[in-house]
Amino acid sequence: MIETQNITKRLGGRTVVDDVSFLVEPGTITGFLGPNGAGKTTTLRMLTGLSAPDSGRALILGGPYRELPNPGRRVGVLLDASAQHDGRRGHEALMVSAQLMGVDQSRIDGLLDLVGLDRSAARKRVRAYSLGMRQRLGIAHALLGDPEVLILDEPANGLDPPGMRWMRELLRDFAETGGTVLLSSHLLHEVEALADRLVIIDHGRVVAQGTRAELLAGSGTLVRADDEAALRAALDAANLTARPSEGAGFLVDAEPTEVGRAALAGGVVLNHLGPSDGSGLEQLFFDLTSKEAA
Amino acid sequence: MTASTYAVEAPSAVHQERRPSLARLARVELRKMVDTRAGFWVQLGVLVLTVTFAIVAAIIGSTEDHRLQGIFVAAVWPAYALLPVVGILLVTSEWSQRTTLITFALVPRRSRVIVAKLAAGVLFASASVVVALGIAALVTAVAAPGIPGTWSLSGIVFGQLLLIVVVAMVMGLAFGAAILSSAPAIVLSFVLPLGWSALGSIRALEGLARWLDSSKSFAPLADHVANPTEWARVGTTLALWLLVPAAIGLWRIARSEVG
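Chains as they are written, first to last, in this note's numbering: chain A, 5 to 298; chain B, 50 to 308.
Treat each hint with caution, since some may be false.
Label pairs and their computed distance ranges (CB to CB) [to be verified]:
| id | chain 1 | residue 1 | chain 2 | residue 2 | range |
| --- | --- | --- | --- | --- | --- |
| 1 | A | THR12 | B | LEU172 | 38 to 48 Å |
| 2 | B | THR285 | A | ARG14 | 35 to 45 Å |
| 3 | B | GLY183 | A | GLU173 | 53 to 63 Å |
| 4 | B | SER246 | A | GLY106 | 41 to 51 Å |
| 5 | B | ALA72 | A | SER86 | 30 to 40 Å |
| 6 | A | ARG123 | B | VAL274 | 51 to 61 Å |
No wet-lab data here; the hints were simulated from the structure. Ideal Cβ placement from N, Cα and C applies to all residues, glycine included.
Assemble the whole structure, with the sequences as input and the hints as a guide.
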């Protein structure tokens, strides 16, 4: 269980996190989405006791993170995969934390297998790691204490497509057995297939949150025709609000049936008609997060 | 092996986790001092220099000087000179390598990390002095000057040497904490005392330097049983070079946003 209650943080005279509240239930994966600089990292740092909110409360497992006696055994944290000592070997980095948390060293080899770092990679110094390897080491580090909560900041950064598929399965398994996952990303496609819930943040404020279905509801219909001008005219004639979609066609604020009826009335041949789905969520993300910038 | 091997138990499972003890945190800090490439080479460098200085002390000069105490004073010098760097790195490497994100996430009470680093530093410095004594004894045995008092070593002088090496280490820690960046802290830890000594050589400031310059005020400790005035000079020097940076450092570490 992860909960923030109206947390606010000012840094250097700027309100970086502004009255942010959300709840992550056990057994679920929540995607924390927003453009770079939106306040995601600062929020995660307040959750993990690295930064104190100016007001509001950040709670993990019912209390402040700092009150956990041995936090690594209950909360797995990966805030920045690059934040490892370059001159330390990968295996040794895990040994240090295992000793600190009092975790049996025998877990380490299994975890290295799990994240796909082989023996020779584990023997290398972190300096020689690619960003993808650092992410894998970071995930192994987060799982080291056998935690029940995972907090991951941009964990997909630097992972190749197989790596992302692997991480998706890993987090899915973790949540299915009752774990709580909060992961941030600035790329919608990284989390939309994975997260049960989304919290979208921009300029320090939560601009939308809910399940994927909730956020998609009413997000409209994607329609395409060979003759786009005729389609536009037909939509206008039916008084439907439409905007050009990325690629081709239009996103219409209406149910597919209405759009089909408008096309029929205008005598336009459609080559695509359906709920806007992912692209709609993308549009939503784009709309919500770039309102002020535009 | 599948992911579910590492799955959690039921979320309601109550972990009665105990806080890691300070002794455990100190052991981890000792480990972190030697398990990186830089840490390993610095320690090896101190060891090699210790042996070299002991051997040189047993060769140069007259036979009169080839006693345990003289060789030990020489052998302990590299530790005295280089452990401040080890102390600085013990603090600053966490900031420059950004491992504070890991350390403070696992140990949220920053004061406990500082105490652990201090304990690790004191233990390490003490062990270095003991190792230097062992090396000095070996070298003395080989040199075998065969003069009276070969093996005599004043317990108080040993204690005083132990103290200045430990203090040098702690000064490094304090310096690192005040500056929180490896290269500037190391450079300043050498340049500031040198510049200070240069200032102290000005006749008008000479009196002041005896009270505030460690190269002067610590010298009696390596030589003879110090008298109260000499101890007072050690105290005033420490107030300037240890307590001031330590206070700045503690304030910065407690307040700083890490990452």
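Structure-based check of all given hints:
| no. | hint | in the structure |
| --- | --- | --- |
| 1 | A:THR12 x B:LEU172: 38 to 48 Å | 43 Å, holds |
| 2 | B:THR285 x A:ARG14: 35 to 45 Å | 42 Å, holds |
| 3 | B:GLY183 x A:GLU173: 53 to 63 Å | 55 Å, holds |
| 4 | B:SER246 x A:GLY106: 41 to 51 Å | 47 Å, holds |
| 5 | B:ALA72 x A:SER86: 30 to 40 Å | 31 Å, holds |
| 6 | A:ARG123 x B:VAL274: 51 to 61 Å | 57 Å, holds |
The structure meets every hint from the earlier list without exception.
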